Structures are given as C-alpha cells and as structure tokens.
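K.L.:
These protein sequences, in sequence, are chains A and B.
Residue numbers for the first sequence follow the working numbering, beginning at 1 and rising by one.
Residue numbers for the second sequence follow the working numbering, beginning at 295 and rising by one.
Hint data in this document are derived by calculation from the structure and do not stem from the laboratory.
Hints may contain errors.
Not everything, but these chain B residues come out facing chain A in the computed CB check (under 10 Å) [to be verified]:
#: 1; residue: Ile463
#: 2; residue: Ile492
#: 3; residue: Gln494
#: 4; residue: Met497
#: 5; residue: Trp516
#: 6; residue: Leu538
#: 7; residue: Ala555
These numbers were taken from a predicted model, which means no experiment stands behind them.
Note that beta-carbon positions come from the ideal geometry of N, C-alpha and C, so glycine has one too.
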Amino acid sequence: MGRTAGIWPYVCLLPALAVFILLEIVPALGTSIFSLTDYTGLPHAPIRWVGVQNYIDLLTGGQTFLVRALGVTAIFSLLVTVVQNGLAVLIAWLLNVRLRGQIAVRALVFLPVVLGATVNGLTWYVMFNPLGGPVTWLLGEFGIRANLLGNAATALYAVIWVQIWANLGFSMMVYLAGMQAIPFEVYEAGTIDGTSPWSAFRHLTIPLLAPSITINVLLAIIGTITGFELIFVLTDGGPAFSSQTLGMWVFNQAFFSGNRLPGYASAIAMVQFVIVFAIALVMQYYLRRREAVL
Amino acid sequence: MIRQDELSRTAAARPAAALQIRLRPGTIGGYLILAVLSLVYLIPLLFVLLVSVMSSRQFALNAASLPDPIMWSNYPEAWVKGAFSTYFVNTLVYTFVIVFGTLIIATLAAFPIARAHVRGSNGFYVLFLSGILLPAGIIPQFFVMQQLGIYDTRFGYILLWLSRVALPIFIITAFIKSIPSELDDAAAIDGCSYIRYIFQVVMPLIQPALSVVGLIIAIRVWNDIIGPVIFLPSNSIKPISAGLLQFFAEFAAQWTLIAAAIAITASPLVVLYLFTQRYIIAGMTSGALKG
Chain A
1 MGRTAGIWPY VCLLPALAVF ILLEIVPALG TSIFSLTDYT GLPHAPIRWV
51 GVQNYIDLLT GGQTFLVRAL GVTAIFSLLV TVVQNGLAVL IAWLLNVRLR
101 GQIAVRALVF LPVVLGATVN GLTWYVMFNP LGGPVTWLLG EFGIRANLLG
151 NAATALYAVI WVQIWANLGF SMMVYLAGMQ AIPFEVYEAG TIDGTSPWSA
201 FRHLTIPLLA PSITINVLLA IIGTITGFEL IFVLTDGGPA FSSQTLGMWV
251 FNQAFFSGNR LPGYASAIAM VQFVIVFAIA LVMQYYLRRR EAVL
Chain B
295 MIRQDELSRT AAARPAAALQ IRLRPGTIGG YLILAVLSLV YLIPLLFVLL
345 VSVMSSRQFA LNAASLPDPI MWSNYPEAWV KGAFSTYFVN TLVYTFVIVF
395 GTLIIATLAA FPIARAHVRG SNGFYVLFLS GILLPAGIIP QFFVMQQLGI
445 YDTRFGYILL WLSRVALPIF IITAFIKSIP SELDDAAAID GCSYIRYIFQ
495 VVMPLIQPAL SVVGLIIAIR VWNDIIGPVI FLPSNSIKPI SAGLLQFFAE
545 FAAQWTLIAA AIAITASPLV VLYLFTQRYI IAGMTSGALK G
C-alpha cells in the first residue's frame, strides 16, 4: 500500500511534523540561543547578541539569587522525591493486600492528579488561610500561630506538603501496577521459607519493584526541578523568594518580574536544563545498575 | 483482580481463619493507615465544599462548622461575578478542538510511521520521541508566537497544544503496530485513498487507544494553568483554570465565593473521573509504565 500511495503518506505526516517542529523542537533548542541575547520580550525592540554576558551576570551579580534558587530547588526536589516515593511504596503495599475499602481509597488518593494544580493549590490555600483555615485553627489549638504560606520560614514546606498530597496517587498507582506484575509464586515460595510480611516486603517486593522505583524517582526529580505550577498557584515563589525554585524563577524573570528579561531567564533555563540532564544521566546509570545487581 | 476474588472466596469459606487474619495487629495497623490517608484527602475537599455553601459571616466567625444557613446562592454569585460562563465556553472549545485536532494529526502521522510508508520513518519516530524528553522552551515559544501574530489568540493557544503531539504519536504508533497490516493491502487493491483509509479503517480500529489518549489530553487542557497565564493574557479568551485564578486574585479574602468557584471548576473533572476512572488512571500512568 505504501508504494502505491505516492506522496500521500508524506502529506499525512506534514501537519503534525510542522506544528511540532515550529512550537516544540525549535523552541526547545532556541532557549540556548536566546540565552546569548538581551531579548526583552517587547514586540519591536531589537534583539542584540551579548555573548555569555547573561551567564556572567548570573554568576556574579545574580549569584545570591542563583544560590538561593538552587538551594530551594534542592530542598523541594529532594524532600518531595523521597517522601512521596517512600509513602507511595508503603501505601501501594498496603493496598495490594486484602483490606476492605481499598479500591475507594485508591480512587480518592488519585483524584488530585485529575483535579490539577489550580484546584489543588487553591483548595489548600483555603485550608491554610490565616482567617478560619482548618490548618491554622489546628495549629492554633497547639498554641502555634502561623500563616504557613505567608511566612518565609514555612512557605516552602507548605508547598512541599501540597505537592506530595497532589502527586502521591500517581506514584502509588505506578507502584501498584509494578507490584501486581510480581508473580504470586514468588511470595508463596517466601511463605514456605517462613518469611514475615515485612521481610517479604523488604527482600522480595522492593527488589522486584526496582524498575518502577527507577521511573518514579526520575519522574519526581525531573518534575520538581522543571515543574512549578503548584508553587505558582500557592506562593508565586514568595514570600521573599523563599519558595522560588529554578523553574519558578525562569517563569517570573521572563514574564512577570518588575524588569522582564527573557534573555537572562533563558540562561537560567539552561542551567536548569544542564542540572536535569546530569541528574537524569547519573540516576539512570545508578538505578539501572542496581536493578541489574538485584 | 482475580487474585483478590479468590482470596475473598477462600476467606468466606473459612470464617474463623478470616477473622483471625482481620484481627492481626498488622491488619489493624493497615486499616488505621488507610483511615488516616482517607481523612487527609477527604478533609480538604469536603472543607471546600462546606465553605462553598457557607455564609461569609459564618465563615468569619467559625469556619470549622456545618454551614447554617446553607447558602446555595454562593454558586450563582461566583458564576456571575467571575464571568464563568465565558471561561466555561472557552474551555469547552479549547478542549474539543485540541483533543480532536491532536488525535487527527497524531493518527495521520502515526500510520505512515508505523507502516514505514515514508522514507526514514524510524528517523521521524525518533524525532517525535525526542519531543517527550526535551524541555519545553517557553521563552522561544513566546517569541515565535509573537512573530507569527498568534500571541494572545485562541488560534495560537490551540496551535501550541497541537505541538504537544509527541506522546500521542508515540502511543498511537505502538497501537497501530499491534494490528496486522493485511487489511492495508486489501484496501490498496480496492483503491481506497490513503487519507480516507486512515479515517475510515484505521481510526475505528484503534479507537480504544484514541479514547484514552483523548481523555488524558482533555484533562491536561482543562487543568493547564501556565499556558494560559503566559499566552492568553486577555480575560475574554481565557480557559476556566486561568479564570479561576483570576477570580481568586480579584475576590481575595471572599473565601466562600472562592470555594464555590473551586467547586465549579472541579465538578466537570470529578464527574468525568467517576465514570472513566479506570481509563484515566491507566492512561496517565501508562507513559511511566512503558518507560
């Protein structure tokens, strides 16, 4: 059929290819080019080459911002990845055995994944609100007066909590699917050997779950470094930049800061890209090797 | 699933053993954890629902109480004040056009790639695959759209979403490869034209894959917030998620109305989720499972 169809297969490929190259591939590669310019985002302002000036600015004038954003990103990424995956594995393990009502719990925990960042973020904004929000009220019962999102010391951790709450269901489902792929016989053999449920989890489930762990951890790390939807809805990186990750900074610097500098923001995006790329490579190597060993 | 049924059957056959199992400390701990987990997810969602029908006076006095009187009027008030009918229509249009547009261009591209009807089909496949891995270049996207004069237009936003065609092509190509190609040859003898063949034969065959992909795209479009904030600054063409955020900014501290607006935005998704839960979960996690 292909040989007789002439140019038609190419015609069919064209629309997807055109829009994909124009708004996906070219922009993805274009960030590196814009990082070498003074692009302002204004429609008719000329764009000039500035060489590596943006990077120099980032490492000299902007170094306090860079260090702070790197620190916030590290805390955000590390805490979310570790807690979310730890909890998800444990809960998936619980849900994989016969407990009544677990199907409903599964569906409930996955619900925020469907509701999306705006609904999740604003829901927790209402929960955290200093006037009558249940979280504020609960903390008040313990004698703690706190405006969690409005305080530079706590905002990041409040955001981390919501991020984990929102994405736990996704990790949990991936782990559940991984667990259900483990043949029942493995556990039967374990039971004959007299292993306890906990040691079966530790020595059978976890090693056999290694591929799911690899992909979940990778997705969580990349998602927390590049994604910033929830941070944007909850704090917009504030107060006083205390919850501004690299991704949030790129967005604010490019489109919403007092002096919008998309060229400079592109340089930050490149730093972000290099970090994600390096982590992905290392993780891939390390976790895959662990999989092989196990 | 089957395993669970079997277990419950054996448990029913031996009630004494089942009772023993249920009372084991590990099992009690398990139920305790499930209960806590359910509360952590139910409380915020229920609280928003309660506040959405609370009078603002009651909210200020004691928000952690059952609403009395029940203020259903918060919903129409939020709907009108927030111009949600505009946002709702916008989102429906965006969702509809983007879902069907993506499915059509993705299938049109996936078929010749899957059947190697184009030279270097593998190269095209890898090119599209790279789109899943490359970071989104929001700044150059802004530049390109401004240069083309489609920044802050419905068309531009739709085009931006159509460019996210990589994952759909990836999934649909895999699905097409799983169906035998004998039918293609029969159709070629018939002289069925190429595009008509894709629309009339291929698309019905891969309909299960298209439904799942379409469902996932619909949810993502409905929830997109960064896209409209950057590329659709005009209120009249904003989708509902961005409209909700706009409402939140304008009516700050009017928590009862904000809660009603949250419920309005979330309700279509909750209804969709109730009916298509299995497909949604399978579709959203499938990318991770294939990796």
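K.L.:
Hint by hint, say whether it matches the structure.
P.N.:
Hint-by-hint comparison with the structure:
1. Ile463: 7 Å, holds
2. Ile492: OK, holds: Ile492 (chain B) within 10 Å of chain A, min 7 Å.
3. Gln494: Violated, about 14 Å.
4. Met497: 12 Å, violated
5. Trp516: 7 Å, holds
6. Leu538: Leu538 (chain B) check passes; min Cβ-Cβ to chain A is 5 Å, inside 10 Å.
7. Ala555: 8 Å, holds
Comparing the model with each numbered hint stated earlier shows that hints 3 and 4 do not hold.
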